[in-house]
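*Asks:* Given these sequences and hints, build the entire structure.
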Amino acid sequence: MKSFIAIFLTCLFSFTLFAQENLTELDKRNGFKNIKMTMHIDSVPGAVFKKDIKEKGHHPAKLYEIIHPDNATIGEVAVNKIEVKTYKDLIYEITVITDQDSRLMKGMEKVLGRPNYDVRDETYTWMGKNLTLKFSKASKKTLQLYYSSAIVRKMMEEDKRKKIDDIADDF
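If you read the sequence shown in the numbering used here, its first letter stands for residue 12, the second for the next number, and so on.
Careful: at least some of the hints might be erroneous.
Restricting the straight-line Cα-Cα distance to at most 35 Å, the calculated cross-link-like pairs of lysine-lysine (DSBU-like) are [unchecked claim]:
#1 Lys140 with Lys171
#2 Lys145 with Lys65
#3 Lys92 with Lys67
#4 Lys73 with Lys151
#5 Lys152 with Lys140
#6 Lys165 with Lys73
#7 Lys151 with Lys62
#8 Lys171 with Lys44
#9 Lys92 with Lys148
#10 Lys92 with Lys151
#11 Lys73 with Lys121
#12 Lys61 with Lys151
Simulated from the structure, these hints should not be mistaken for lab results. What you are looking at is a predicted structure, and each value in this text was computed from that prediction instead of being measured.
*Replies:* Given below as C-alpha cells:
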C-alpha cells in the first residue's frame with residue numbers, strides 16, 4: 012500500500028512538472044507586472060473605477076484605470092496609462108499605453124520569443140494557452156500592449172449560452 016502511494020505521488024509530481032513545462036512564458040507571467048488575469052479587481056492596488064460598459068453589446072463589464080507607482084515604468088520606458096476591464100470583478104483585459112521605445116520590443120522578444128506579425132493591422136502577437144498579447148502603435152509617439160484572457164472570455168460565452176438556454180426553456 013505504501014509503495015502504491017509513493018508511485019502515485021511520484022506520477023502526480025511528474026505530471027505537474029510536465030504540465031508546467033508546456034505553458035508558454037506569456038502564460039506563466041499571466042498579465043502585466045502585478046496585474047494578473049482572472050485576478051479579482053479588489054486585489055489590484057491603485058484601481059480606480061471609470062465606468063460600466065457592455066462588452067460586445069452583451070456582457071456587463073467594468074472599466075478601471077490603474078494608477079500606482081509600481082506600474083509607472085517598464086525598465087526605463089514610461090507607462091502613460093493602464094486600463095483594465097473586468098467581468099464579474101475578474102480581470103480579462105489589460106491595456107498598457109507606453110512611450111515609444113524600441114527597447115520595449117527587444118525586451119519582449121527576449122522574454123516571450125518571436126511574435127507573429129500581422130501586416131494588415133501592423134500588430135505583433137504572442138499567443139499562449141490562456142492569454143494573448145498584442146503589441147502595436149497607439150499613436151505617433153505611443154505604443155500599446157493589449158493582454159486578453161481566454162479563460163474569462165470563455166466564461167462570458169458560457170454565461171451568454173446559459174441565458175439563451177433559460178429563455179428557450181421558458182417556451
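*Asks:* What hints, given by number in increasing order, does this structure fail?
*Replies:* Checked against the structure, no hint fails, so every one of them is satisfied.
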